[in-house]
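Chains F, U and Y, in that order, give the protein sequences. Every letter in the first sequence is one number past the one before it in my numbering, and letter 200, counting from 1, is 200. Every letter in the second sequence is one number past the one before it in my numbering, and letter 202, counting from 1, is 202. Every letter in the third sequence is one number past the one before it in my numbering, and letter 140, counting from 1, is 140.
All clues given are correct.
Here are the computed lysine-lysine pairs in the DSSO-like style, where the Cα-Cα straight-line distance is at most 30 Å: (1) U/K74 with U/K277; (2) F/K110 with F/K225; (3) F/K146 with F/K225; (4) Y/K217 with F/K146; (5) U/K277 with Y/K103; (6) Y/K217 with F/K142; (7) F/K110 with Y/K217; (8) F/K146 with F/K110; (9) F/K225 with F/K142; (10) F/K103 with F/K146; (11) F/K103 with F/K142; (12) F/K103 with F/K225; (13) Y/K217 with F/K103; (14) F/K110 with F/K142.
Hints are computed from structural coordinates only; laboratory data are not their basis. The structure displayed is predicted, hence computed values, not measured ones.
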Amino acid sequence: MTSLAAERRAAAAAPGQAEAGAPQAPVLVSVENLRIRFPPWNAPLKVVEDVSYQVRSGETMGIVGESGSGKTLSSLAILNLLPPPARITGGRILFEGEDLAAKSQAQMQKLRGRRLAMIFQNPGYSLNPLLTVGAQLAEILKIHEKLPRAAALQRVEELFRLVGITDPGSRLSQYPHEMSGGMKQRVCIARALLCNPALVLADEPTTALDVTIQAQILDLLEELKQRLGMSMIFVTHDMGVVARIADRITVMYAGQVCETGDKQAVFARPSHPYTQALLASTPRIDKSYAVDPQGRRERLPTVGLAATPGQSLGGGCRFAGRCPEAMPECSRLVPQAAAIEPGRVVHCLKRGSAGVPGHG
Amino acid sequence: MTDQTLASHVPAPKPAAKPARGIWRQGWQRFARSRTGMLGLALVLLVVATALIGPFLAPFDPQDQSPMLDPGAKAPPSWTHPLGTDRMGYDVLSRLIYGAPTALAVGLGAMAIASLIGVLVGGFAGYRGGTTDEVLMRFTDFFLVVPMFVVILAVVRLLGVAIVNTPFESVPYLNLGVIILLIGVFSWAPIARMTRAEFLRLKHQEFVEAARCIGATSGDILFRHILPNALPSLIVIIALGIGGAVLAEAMIGFLGFGDPAAVSWGQLLYFNYEALKVAPWASLSPGLAIFVTVLGFNLLADGLTDAFNPRAKA
Amino acid sequence: MRVFVFLARRMIFAIVLMLGVSAAIFFLINAIGNPIELMMAETPGMTGEVIERMKGYYGLDQPPFTRYLLWLGRLIHLDFGTSIVYNQPVGSLILTWGWQTLKIQLPAILIALAIAVLFGVTAARRQHSRSDFAVMGTALLGQSLPAFFLGILLIFLFSYTLDWLPSYGAYSTRNPLWGSPTLDALWHMILPIAMLTFFNTATLTLLMRSNMVDVLKSDFIAAMRASGIPERRVIYVHALRAAFIPMLTYLGLLVGLMLGTAPVTESVFTWPGLGSLYVAAIHQLDYPVIMGASAVIAFMLICTTLLTDVIYVLIDPRISLE
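Taking the hints into account, I'd like the entire structure generated from these sequences.
See below:
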């Protein structure tokens with residue numbers, strides 16, 4: 001949490017830097033107006049509604065949101081690994097010139113693991129408990145690059161070394177249950193990097209780990225980012241984590257994008273009321289909370305109580321029920337993207353977005 | 001540490017409109033929505049009804065062999081004998097009806113015994129833990145391994161022989177009672193296992209700790225807190241067990257070891273199986289009756305699983 | 001090395017269990033009454049010579065525990081005594097009739113396993129579809145259908161009504177099918193195996209389907225898909241293996257169940273197997289056969305449990321050998 005405060009101070013002190021930053025790398029993946037629905041199909045649950053963001057080459061996009069914000073589903077959609085019965089019902093996912101949303105499972109299978117890779121949340125569950133870690137990873141190499149067993153195992157060992165697994169040779173014949181949580185996650189990271197993917201999706205990779213291990217894994221990811229120039233989509237609910245690892249941030253709420261922008265800019269000048277509330281509700285170590293004349297402490301700001309579950313709202317902005325700045329039009333009109341700075345986009349009527357009437 | 005899998009991203013079903021009113025009421029509402037469960041309940045009620053009022057409506061006395069004279073043994077179904085007559089001249093329908101109370105007596109009686117032993121053993125093992133648990137579990141394993149059927153046959157027969165010329169011989173339905181007892185004694189093991197598992201799970205829950213904090217005695221905790229919470233799972237196993245007990249008795253009767261004084265479907269099969277070719281109605285009817293009863297209890301158990309533990313089934 | 005220690009421990013436990021069961025069998029049967037006196041009550045006309053011979057053989061003038069040890073001692077030498085009814089060594093009787101039982105039980109289990117895996121996997125893949133409900137419904141029905149009633153139905157349909165298959169026995173007494181004894185034997189095996197298979201398949205399919213559904217939801221399957229492993233391999237190699245392992249314990253139970261209900265199945269088809277031998281022996285109070293057959297059945301069950309445990313440990317790396 002301290003890093004978050006430090007970042008904000010640094011960003012606040014140098015506002016001009018938000019627009020500079022890395023020279024514009026090419027766009028690697030562009031999610032456009034993504035829609036994901038759940039049955040029943042006559043009255044579907046719109047879990048992801050009109051979500052758009054872009055990730056450039058070499059950049060880490062942090063997707064932040066609470067549970068149910070649709071952040072995991074929208075990243076799973078890139079790999080077309082939505083848990084059934086969910087379906088992509090609209091939008092495009094452009095990657096290397098093709099629309100991934102339009103591809104069949106068989107076509108996606110060729111891309112997965114090779115050009116696109118994923119790190120799951122719970123390393124204990126995402127490794128096959130019946131196979132040694134060496135065998136599991138070697139199998140992937142055998143399938144994608146047709147390597148014979150010995151060569152595959154050697155490559156796995158190299159990757160183990162890369163991700164900081166001690167004594168990599170002997171680890172190859174170990175089973176997942178014989179490893180610690182941090183070690184297992186390193187194996188999962190190694191698995192993602194096996195075929196040098198263009199894009200790595202990380203779905204809350206540190207949430208299931210101890211805080212100290214969390215820090216180690218984040219260090220590792222940052223190091224790999226620098227060394228390999230990895231492009232990453234990092235999904236998390238933890239503002240502190242995203243402050244550390246992301247270059248750009250997309251904030252989501254209840255299946256809609258609230259705002260997108262460079263990390264420094266978003267932290268220094270949060271635009272969307274939800275982002276503002278989130279950042280304000282973080283306890284600050286550098287702030288002393290006042291005591292009023294009756295001896296009561298100032299309360300920690302919170303995000304307002306939800307009026308109704310987001311998905312069953314009328315069809316406008318889904319944050320309207322909890323928004324301290326809500327206007328009557330907010331629950332009727334869906335806020336479109338509004339550029340408030342170069343590279344920053346916000347979806348809020350109050351901040352200048354145009355509104356489109358939403359359907360229920 | 002969160003425990004989410006991809007599957008957890010499937011949104012939870014919308015909450016029910018009515019407020020929750022205790023697990024029994026909730027359970028019943030869920031049960032009513034289960035088609036298998038309701039069908040099972042219907043079948044079971046059918047059997048129960050037959051057992052309770054059937055004997056008053058049965059056209060013939062089950063021991064009445066007069067149809068032997070007219071229309072004769074092994075006669076096909078007719079108006080006077082809707083299910084025909086069997087090999088020894090009895091009216092099949094009447095005997096079928098009188099078989100229902102026997103079946104229920106066996107099912108419920110055996111399971112009552114099995115539940116008593118099973119809950120005591122399993123509950124004690126689960127609650128105490130440690131060496132008590134180990135010892136009791138080995139004991140239970142023994143009963144799980146032993147083939148109930150094989151042993152019961154031997155014991156029933158030998159007992160039957162042993163009481164010849166003794167005062168026991170005149171006790172009515174002794175044979176049936178022994179069968180019920182034995183089935184119960186060999187069926188308690190799965191119940192003990194389930195009870196133990198539930199007790200182990202529940203005794204670490206916070207409400208037990210809370211109860212202890214306010215000074216509840218061990219007995220209190222066991223009977224008023226833990227046991228009621230273990231009941232839903234137990235009921236399912238017991239329902240399955242009733243079906244199993246009825247089936248066991250049917251098989252015992254089919255092999256000829258049943259109680260000659262009692263009318264049981266298995267025995268009907270035993271008497272009439274030889275005549276399967278010429279008088280199929282006499283064998284197929286009791287067989288069907290057994291099937292319907294066992295199916296009823298199995299479906300009931302299925303519905304109960306739906307009601308109390310919807311996540312237990314895929 | 002650890003494997004051997006584990007095996008040794010399990011085997012010792014199995015032997016202890018065997019001793020316990022044999023003692024139970026012996027004392028149970030003898031506690032109900034002195035066998036000779038009981039037989040006298042049941043079968044009048046037993047000559048004094050037979051009684052004397054049996055008394056000597058069983059050492060009935062000695063305390064029960066000594067008798068138990070005598071019997072156990074003979075048992076270990078595979079001397080089960082002589083059948084009173086058939087006047088043959090019990091051991092050879094058990095072998096001949098036991099073989100008939102195996103002839104129908106083993107194929108039934110194997111076929112059932114194959115079908116269960118096939119249908120279970122398919123149903124799990126198409127969860128909540130119509131084919132899934134069809135499979136589940138049939139399996140549920142099959143579980144509730146009393147095995148022997150199904151047997152009766154099968155005989156009625158295929159034998160009496162259609163006259164395609166024989167209705168009883170393992171061999172035709174005259175005119176073997178198409179002149180070949182082997183074919184004749186096989187022809188007789190069809191119905192019993194069909195019945196046993198149906199019953200086994202129902203339970204196994206439900207279990208397989210349930211396991212498979214759970215496995216398919218797990219993260220490591222999703223992770224394998226995310227790594228680009230072809231769907232066919234994900235399901236039929238990895239998911240299947242994970243789902244199959246819990247079935248092994250159930251297989252052990254199933255064998256026990258099959259052996260336990262063998263008397264009934266064999267009675268329905270008048271099949272000359274161990275179960276029929278046992279039932280006949282009980283009816284006729286043929287004690288050596290009763291005790292010998294019980295001991296053999298118990299032994300087979302204990303061996304099955306032991307085998308299942310061992311296989312389980314060897315296959316699932318998560319189970320530690322303690």
